[in-house]
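Chains as they are written, first to last, in the numbering used here: chain F, 1497 to 1836; chain A, 1497 to 1836.
I should point out that these hints are in silico values taken from the structure, not numbers from a laboratory.
As the structure is a computational prediction, the values presented were derived from the model and not from experiment.
Check before you lean on any hint, since a few could be wrong.
[As the list claims (entries may be wrong)] Cut-off 30 Å, straight-line C-alpha distance, at most; resulting in silico cross-link-like pairs (DSSO-like, lysine-lysine):
(1) A:Lys1528 with F:Lys1724
(2) A:Lys1637 with F:Lys1654
(3) F:Lys1637 with A:Lys1637
(4) F:Lys1724 with A:Lys1724
(5) A:Lys1654 with F:Lys1637
(6) F:Lys1724 with A:Lys1763
(7) A:Lys1531 with F:Lys1724
(8) F:Lys1659 with F:Lys1691
(9) F:Lys1656 with A:Lys1637
(10) A:Lys1724 with F:Lys1763
(11) A:Lys1826 with A:Lys1786
(12) A:Lys1531 with A:Lys1559
(13) F:Lys1637 with F:Lys1656
(14) A:Lys1724 with F:Lys1734
For reference, the chains in residue letters:
Protein chains: 2
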Amino acid sequence: MKNFHTANPEMETAIDRSIPDFPAAQLSDEDKYFKHHKPPSYLPEIESEVKDFIEYHKSTSHKNIVLVTSGGTTVPLENNTVRFIDNFSAGTRGATSAEYFLENGYAVIFLHREFSLLPYSRHYSHTTNCFLDYMTEVNDKVEINPTFADEMLIVLRKYKQAKESNSLLLIPFTTVNQYLYTLRVISELLQLVGKKALFYLAAAVSDFFLPQSRMPTHKIQSQESGGKLEVNLDQVPKFLSRLVDNWAPSALIVSFKLETDRSILIKKAKTALERYQHQLVIGNLLQTRKKEVVFVRPQKDDDEQWIRLNDDQISSNVEIESLIIPQVIKVHEDWINGDN
Amino acid sequence: MKNFHTANPEMETAIDRSIPDFPAAQLSDEDKYFKHHKPPSYLPEIESEVKDFIEYHKSTSHKNIVLVTSGGTTVPLENNTVRFIDNFSAGTRGATSAEYFLENGYAVIFLHREFSLLPYSRHYSHTTNCFLDYMTEVNDKVEINPTFADEMLIVLRKYKQAKESNSLLLIPFTTVNQYLYTLRVISELLQLVGKKALFYLAAAVSDFFLPQSRMPTHKIQSQESGGKLEVNLDQVPKFLSRLVDNWAPSALIVSFKLETDRSILIKKAKTALERYQHQLVIGNLLQTRKKEVVFVRPQKDDDEQWIRLNDDQISSNVEIESLIIPQVIKVHEDWINGDN
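With the hints as constraints, model all of the structure from the sequences given.
So, in structure tokens, the structure goes:
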């Protein structure tokens, strides 16, 4: 993975005064978004990496390919970004799911928030253990602390296996703008493998954004407007319909619905299915997301299928993604075989 | 360090209806803040850890103690926090500075945003290298990749030295509320060492916050208010004056001023000095902060002292903190000796 470091995306978000303020007639909200917002400068580089990856698996490994999105997008509030709105997500669902896709024979494009959890290394980062706590000095040499060595060997082998088989491609994003442009490019390239493409959209994408045309160049000063800060955000266009209709019409598309209020979860999942006409929504609650999720599918008799860890599984630290991914793969296999 | 994990601070931010909405007469904004916002539940545990640390250095090591704050605070926009406003900061300045304080004989309390960069481990995290890329398998054992082994040994020795001499205490925060409560507790405890305490406030603390009384319990729904999101934030009370006047009146206090507009940097630094009556503001620009900073002090002839890396230093990767910290320590020594 190249260093597309963009935690400070000042280079990407300069206002282009040449772009007219009035939209052309009959453009959809999604088209307008792309017309008025510049792509990240590194996009061609990503495009070429992703293309190589997909072509390799199409022609050589013949693996199915899943795009896993993971982590939260940011919405910068200033051009020289000091402040931004963020969506809470460490990337646990995405990173864990990616491992189980790899173990089940998929090639994985992992589109993730920079510095969020990654497959395999997640076991050693974002913990209260410092990196160096895994190390010890023996005879003037750094060695792995014996407490961790056996388990680390297992994880390292899986990681090297994924790398050596060219089955894992890491692509980072930070802002919602970078996410949307990158998602579009990858989706269009995934048309190369048709139904063998699976979208597993676990990223926490902002519903709102601040249009570049309204973004101040410099840091918002706290004495402005009487010491208060008022932020007015527009709704992010619903790109999922674009994904379903135009960008990746043959692929199986799985989206997530995260809520905090149990009483509206199923309804919101069904609304999403009706609106976007895709194949599967996995619903989950912030409070219980590591123990239960619900599969909601269009016009199925069993249209609400809960997947829950039982007490034994919880006490032996079974990860719920080890149950989710085989179920998703079954839906994908049916999709490929035309049984859907 | 215990696991005070609070990226999802739902437990900390429940609205307490027993707290009256009307403030008592004659309370300052700072006092009102603490009256209307609950402390994090883990605060007593931190208090006892910090107390032990300070007492050890007061009675046994006789080291000066610096509180380094580092990373950005978050402002939750919902009680079940999915969305929050964040301040951009990887924590590079704080983590790097902490290392040079340790090397110059200080004991360091490192009050940092959880998962931001830490002293020493910073060399191996937040890079595009995955943790596992530093490892290799040799004869069925995990070993450090030889490319990294020599340098890692040097870093590991410094880290172990800091730990074994009990000179580094890591204390995490996530929200601005957690930061403010923790800062107050640590400041009051640091009165134990009087002038030997140094505050090096490098964290990016939000100027604005959403009062708990106005915070929605559940995730903000995007269809509310016609698809727009309007966020109205209040100004965070200026706690620096409390720090200077009440919490730590004998300590030397160094604050940072980060701007993006060069033309207002010095003026804003001077305004801060006048308002809070502390001893040193280190000014820096987002764009050049790794190459130059400016020391601004009250009523000094040389009241703007720039510290800049020269070209040789830049090309040999000298860290500007290796120049900043000895200068700060000189100011602190003068302070202790009463030459200020």
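Violations among the numbered hints: 12
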